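Colleague: Start from the sequences and build out the full structure, keeping to the hints where you can.
Protein chains in written order, with numbering that gives the first Met the number 0: chain U, 0 to 463; chain V, 0 to 158.
Treat the hints with caution; some may be incorrect.
Stated by the list, open to error - Quick list of simulated restraints, FRET-style, between CB atoms:
#1 HIS372/U to ALA10/V: 28 to 38 Å
#2 THR97/V to GLU294/U: 30 to 40 Å
#3 GLU79/V to LEU233/U: 40 to 50 Å
#4 ASN59/U to ARG148/V: 50 to 60 Å
Keep in mind that the hints were calculated from the coordinates and are not lab data.
This structure is a prediction, so every number in the text was calculated from the model and none was measured.
Note that CB positions come from ideal geometry on N, CA and C, so glycine has one too.
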Amino acid sequence: MRKRRGPRFLKDKIWPFICRRWPLLVFLAASLILRIFIFPGIVPRAHIDSITYLVFSDLNPARTPGYPVFIEIIQFSNDLFSITPLYLHAIIFVQMFFLGMINCYLIYALSKILARSEAFAVFMGLIYNLDYFVVGFEFLILTETLSLTLLGLTLLFYQKIFMGKKSAPYLAGFFSVCLVLTRPSFAALFVCLAGISGLVHLRPKDRRSQLKRLAGPLAIFLFINSAGILSWSLRNKVKHDYFGPSTLLPFQLGYFTQYFYWKYKIGSDAELDPYAAILIEEKGQPFRTAWRFIEDLKMSDAEIARILFRLNLRLIMENPMDYLRLLPRAASDYYGFSWYWTELYSGKVFGRTKFLIKPWLFFFRVYNWVYHHLLALLTFVLIAPALFILASRKKESVFHLACLLEGAIHYNFLISIFFTPGGVNNLRYRLPVEPYIVLVFFAALFLLGRALWGRIPKLRAGLK
Amino acid sequence: MTSISRKIVWALGILLFVGFLIAGVYFFRKESYQLNKNVRLVWMRVLTYRELSLHRGCAYRIQFNKGEYQVSVLHHGPEEKWQDYLTFPYVDDIEVATPGFTVVFDRGNLVSYYIGEKTEKLRPSLILYFFHHKNPACRRGIQFMQTGRWKALWGNGAG
Numbered sequence: 000m001r002k003r004r005g006p007r008f009l010k011d012k013i014w015p016f017i018c019r020r021w022p023l024l025v026f027l028a029a030s031l032i033l034r035i036f037i038f039p040g041i042v043p044r045a046h047i048d049s050i051t052y053l054v055f056s057d058l059n060p061a062r063t064p065g066y067p068v069f070i071e072i073i074q075f076s077n078d079l080f081s082i083t084p085l086y087l088h089a090i091i092f093v094q095m096f097f098l099g100m101i102n103c104y105l106i107y108a109l110s111k112i113l114a115r116s117e118a119f120a121v122f123m124g125l126i127y128n129l130d131y132f133v134v135g136f137e138f139l140i141l142t143e144t145l146s147l148t149l150l151g152l153t154l155l156f157y158q159k160i161f162m163g164k165k166s167a168p169y170l171a172g173f174f175s176v177c178l179v180l181t182r183p184s185f186a187a188l189f190v191c192l193a194g195i196s197g198l199v200h201l202r203p204k205d206r207r208s209q210l211k212r213l214a215g216p217l218a219i220f221l222f223i224n225s226a227g228i229l230s231w232s233l234r235n236k237v238k239h240d241y242f243g244p245s246t247l248l249p250f251q252l253g254y255f256t257q258y259f260y261w262k263y264k265i266g267s268d269a270e271l272d273p274y275a276a277i278l279i280e281e282k283g284q285p286f287r288t289a290w291r292f293i294e295d296l297k298m299s300d301a302e303i304a305r306i307l308f309r310l311n312l313r314l315i316m317e318n319p320m321d322y323l324r325l326l327p328r329a330a331s332d333y334y335g336f337s338w339y340w341t342e343l344y345s346g347k348v349f350g351r352t353k354f355l356i357k358p359w360l361f362f363f364r365v366y367n368w369v370y371h372h373l374l375a376l377l378t379f380v381l382i383a384p385a386l387f388i389l390a391s392r393k394k395e396s397v398f399h400l401a402c403l404l405e406g407a408i409h410y411n412f413l414i415s416i417f418f419t420p421g422g423v424n425n426l427r428y429r430l431p432v433e434p435y436i437v438l439v440f441f442a443a444l445f446l447l448g449r450a451l452w453g454r455i456p457k458l459r460a461g462l463k
Numbered sequence: 000m001t002s003i004s005r006k007i008v009w010a011l012g013i014l015l016f017v018g019f020l021i022a023g024v025y026f027f028r029k030e031s032y033q034l035n036k037n038v039r040l041v042w043m044r045v046l047t048y049r050e051l052s053l054h055r056g057c058a059y060r061i062q063f064n065k066g067e068y069q070v071s072v073l074h075h076g077p078e079e080k081w082q083d084y085l086t087f088p089y090v091d092d093i094e095v096a097t098p099g100f101t102v103v104f105d106r107g108n109l110v111s112y113y114i115g116e117k118t119e120k121l122r123p124s125l126i127l128y129f130f131h132h133k134n135p136a137c138r139r140g141i142q143f144m145q146t147g148r149w150k151a152l153w154g155n156g157a158g
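Modeller: Here you go:
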């Protein structure tokens, strides 16, 4: 007689899976329940940046299509199935229950590779949920949460290239392109990742064999990235007559030059002078200047970007010290800590989830203390990660992942401070790497704790 | 069948299933989808110009005419006048039920909404309806309220 498939499948596949992965399942269930409690208290609000990508057909060339496509998919489904007329709530819902859960899993997976411990991975996943600075961004219609997901997926699959997984270069390349098209500031990350891997894996003793093994997958990864960035740049060239993934850079530089715009010498360049006059009239504010270019000179977005870029670059080249003087403040604001971005929502969220206030406030105080004390901050972002990298240099996969995480963290830091001159935006730009900063620090502590724990019996024996 | 080809077949199968599901739902709910889409676009653009009025420190007016809606910006010159800025057509056979509906935003605030001639005093609320030419009975609306908020209405609430 033929046996029934259902119970056997349950017995052979599902039950062993549950037994094997129960810590992960319990952790994901806890994360889900937490979000179910939080969601009804959320009052979504649009930021000024949000309005440039809420309608995909009106996409401004300053914006890349990653996040707008994500929003468009949600809105298409909502329109098709008539789910809710609360459009912003629908976006927040998907961010919390889809991206939020993926982020939880990513932190868990990367922690597990880094520390080779299930308990540590679950602990790090819980820490992620209790850091309101990070989780609070899931309630905002900004690109940060999606960037965090895509960065995690890129790192996870990129790391798998070196484990010999055949589909990894394609998936890593795909997610890396999605990341660049969500946040163009990550445009050079793929080169950094490849460079770090080159340093880690191509050691002199086995360079030839490693090169032979990795050349193909790395070439695929680099090719997908280059093709993705180039294709969107070409699209901008065809549609807006501007070659590049985004027209945002001139505006970002404008935030620097608004501190020394008056130093432009009228009469030094006949072509730029009329535009510089408007820039000076508008006190160097890039968006007001652009608005005047549209109103008075009827200029297109591409023309505005080109002119602003030339103006700002000229100002920076002629006054490099004024530019450099702004970098320390940018770095200080980047490594600041506050709930500025999420405080609008805190009242309602906290009112509903009283049981969460204590752990959230506890971690707020801890991080607030760390980020406001230089020595603690240096230990947090530099010394502990450096020690961890040194200690794990013999475990190739751990060493490689730690180097990749640190590469992404410091790449994001440098890009943020060189293109944003301080203020709350610098703090916001840290968000996509914040969980990884915390992860490497705690991994270092975990490694130290495990080493000490291993030494205790020897110490005891020595004492006897 | 190798492991990788099995995975590809599964992925393709799921994609095909989702594709067919979406195509099927679209076929049966096309008018409803188009109506929802247009109302959503209007709602989002209203939000866009509210935000822009705040950040550019100026006043925007959106006039819902027959076949299209027009965005104007208040120009401060020797005399104040509304300058046409952008025009958005309704797409997919959608039409506004109350042509002449106008909304005005100034520095981030909803300052006025009216039909036809301008009235200074805001009514507690007004609903701007849209319908599909093929099914005029099916309507969706956006309610503008004295509180300065506006919300989309679906289902029975939209009438």
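Colleague: So, for every hint listed, does it hold in this structure?
Modeller: Right, here's what the structure says about each hint:
{"no.": "1", "hint": "HIS372/U to ALA10/V: 28 to 38 Å", "in the structure": "violated (49 Å)"}
{"no.": "2", "hint": "THR97/V to GLU294/U: 30 to 40 Å", "in the structure": "holds (31 Å)"}
{"no.": "3", "hint": "GLU79/V to LEU233/U: 40 to 50 Å", "in the structure": "holds (44 Å)"}
{"no.": "4", "hint": "ASN59/U to ARG148/V: 50 to 60 Å", "in the structure": "violated (26 Å)"}
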